[in-house]
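S.K.: Now for the letters of each chain:
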Amino acid sequence: MSEVTKKMKKFKTGKDRNARLGKNPLSWFVFIILAFCSFYVAYKLIWGLLTSFKDVNEFMDNKLGFPKEWAFENYLYVFKNFHITITNTQGVKRVWIEQLFLNSLMFAGIGALLQVATIAWVSYLVAKFAYKLSNIIYTMVLLVQVIPLVNSSAATLKLMRNLGIYDTYFSFWLMKLSFTNMQFLLLYPSWRAIPKDYSEAAIIDGAGEGMIFFKVNLPMVMPLLLTFILTNFVAYWNDYMTPLIYTPSQPTLSYGVYILTNTNIQGFSRTPMRMSTSYLAGVPMILVFILFRKQIMRKMSLGGLKE
Amino acid sequence: MLSVFNKTKSSGMQKMKQRRLLFYSLGLVIPAIQFALLFVYVNIDSFILCFQKYNLFGENAGRYTWNGFENFRSVIKTFQTRPELVSGIGRSFLIYLFGLAQMPIHILAAWYSVKKKPFATAAHIILYIPGILSAMVSAAITKYFLCESVPEIVKMIIGKTIPSLLDSGDYMQTFWVVLINGALCGVTGNLLIYAGTMNSVSDSILEAAELDGITPAKEFWYIYLPLIFPTIATFFIMGLASMLTADIGLFEYFGEGAPKDLHTIGYYLTVQTKRSNYTNYPYLAAFNMSLCLITIPLTLLGRWGCKKITSRFE
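Chains as they are written, first to last, in our numbering: chain A, 25 to 331; chain B, 97 to 410.
Mixed in with the good hints there might be a few duds.
What the hints assert, rightly or not - Not close to chain A: a few residues of chain B, all C-beta gaps over 10 angstroms, as computed: (1) Thr-177; (2) Arg-178; (3) Leu-204; (4) Met-268.
What the hints assert, rightly or not - A few chain A positions that, by computed beta-carbon distances, are all more than 10 angstroms from chain B: (5) Phe-60; (6) Leu-69; (7) Gln-114; (8) Gly-133.
As the list claims (entries may be wrong) - Using C-beta positions, here's what the derived DEER-type ranges look like: (9) B:Ala-132 to A:Pro-213: 22 to 28 angstroms; (10) B:Phe-143 to A:Asp-229: 48 to 54 angstroms; (11) A:Asn-159 to B:Thr-161: 19 to 25 angstroms; (12) B:Pro-322 to A:Glu-224: 36 to 42 angstroms; (13) B:Asp-308 to A:Lys-318: 34 to 40 angstroms; (14) A:Pro-213 to B:Ile-319: 20 to 26 angstroms; (15) B:Gly-401 to A:Glu-224: 54 to 60 angstroms; (16) A:Leu-187 to B:Lys-404: 43 to 49 angstroms.
Rather than coming from a laboratory, the hints here were simulated on the basis of the structure. Ideal placement from N, C-alpha and C gives every residue a C-beta, glycine not left out.
Whenever a hint applies, use it, and build me the whole structure from the sequences.
M.R.: Structure follows, in structure tokens:
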């Protein structure tokens, strides 16, 4: 066996060795940091979850242990009684948890779909149609990413008021019709990578441009689009600031948790009740994470997507 | 016969080109309107608003009129009357530096994940959960954990009662507690992007390095680090752009009632924007513009520096 072959054989086992900590101090260093941080996060989340199942009185004496009696009724109480009070030009109104949930769904679901559809559509046109305008749009998207515009929320608010869509779902959706997004830059190379042969074959078969987009090209980038839809859905579901500023009369679940932790709502001022409400608000995202973990945690690089 | 065929062919091609152009143009109408409104118009209007005021009374009631540099004077006055904002710049800078200091850990965590070392996947999943939850939900859990659970744990271990970590009145402690909590939860920050780039190293390069007897530390230093340098530079520049407004998530922890000693410009702007109406849009626009005037040269300088360093790496 030659020296090189021996080394090659060693390399194959070397890959396995890479997957162990061995005597490598760097690996041990990272391992210790990750283990400590994971313990901290897991402990905090489990503590919160256990607290959410404790009776309000029991929590006073038992802050760290398991609940002596699991108070499942905490969640039932939250579901039945949690609401926030909104004051707007039409007066005072109560928004119940079902409505908060529905508002979150309207913002996050439709918002994510609109955003990804717009990005997919425009990046497709720019990548596949070799007009001068396509180059201009691509450069513009790049520039928008680089130019550090700090904040134009005042002018955006003014515009929304002037358009008469301030404090409605439409103001949020309109903002999400934007294509000048990092996801545009991730999608663009994917469209470019699809060979023209498929489209040409479809043209010979009599397909129109719409058919080529929907039936030929779109299915090829669908996994990537699904990842974008999911990550945007999670981001919009968790976004409390946009509804707070642009649609204060359409509060979402995140907004509800903001009100809960910063005011004293009757029946919800004790820690176990606050934990129950917080966890109930987090359940949809945890479900999404469990169901679509692989898509959400897909590795991305600034030049495209790793399969 | 041939000429008729050619004529038909060229008119068919012409029609197809026209159809493509029509499809392209119609397809861009709505995105173009959105861009024109929410990027071009909004940014131009932001600029104009800086020099305007809203009239509540008089013949121009309900209209914006020219106000010169008054809004900028108000911004300067804000800094003179609110010393917490001046010290807030220092706090934002500290937050930015702390973020930079964490970057090597983030990169090492990504390397660890790419190498599929023990516990990498589990740690990644556990540390991803706070990111999946709303910042509000995460902050609520953290807030009560730090206030209720940690003092209890300390009492159990050392038998001494300590005050709540967030509302003890010691604001420096609160600042560092929240900052460190963020660092512990965000140790896998940007892991997906870093790991995605690291994965693009071809096996042949790694094989050649392995045959030369490279150690894991050298492999990381000489192969992976140069590869992800452009990504590091991007994050560095993005950080510069938001350096003046960086904060520790005060709004999530304290709502509109955060202690003054913890205020930052970012927090101040968030609260002001939330409370805003027609009358203070010009002031807010001027505030944002003032920040822009500082941030743009800073970012451009950062980009220039990064380009110099990248070219040296190459």
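S.K.: Each of the hints needs a verdict: does it hold here or not?
M.R.: For each hint, the structure was consulted:
no. : hint                                       : result
1   : Thr-177                                    : holds (21 angstroms)
2   : Arg-178                                    : holds (18 angstroms)
3   : Leu-204                                    : violated (5 angstroms)
4   : Met-268                                    : holds (21 angstroms)
5   : Phe-60                                     : violated (8 angstroms)
6   : Leu-69                                     : violated (6 angstroms)
7   : Gln-114                                    : holds (17 angstroms)
8   : Gly-133                                    : holds (16 angstroms)
9   : B:Ala-132 to A:Pro-213: 22 to 28 angstroms : holds (27 angstroms)
10  : B:Phe-143 to A:Asp-229: 48 to 54 angstroms : holds (52 angstroms)
11  : A:Asn-159 to B:Thr-161: 19 to 25 angstroms : violated (41 angstroms)
12  : B:Pro-322 to A:Glu-224: 36 to 42 angstroms : holds (40 angstroms)
13  : B:Asp-308 to A:Lys-318: 34 to 40 angstroms : holds (35 angstroms)
14  : A:Pro-213 to B:Ile-319: 20 to 26 angstroms : holds (23 angstroms)
15  : B:Gly-401 to A:Glu-224: 54 to 60 angstroms : violated (47 angstroms)
16  : A:Leu-187 to B:Lys-404: 43 to 49 angstroms : holds (45 angstroms)
This entry does not satisfy hints 3, 5, 6, 11, 15, going by the numbered hints stated previously.
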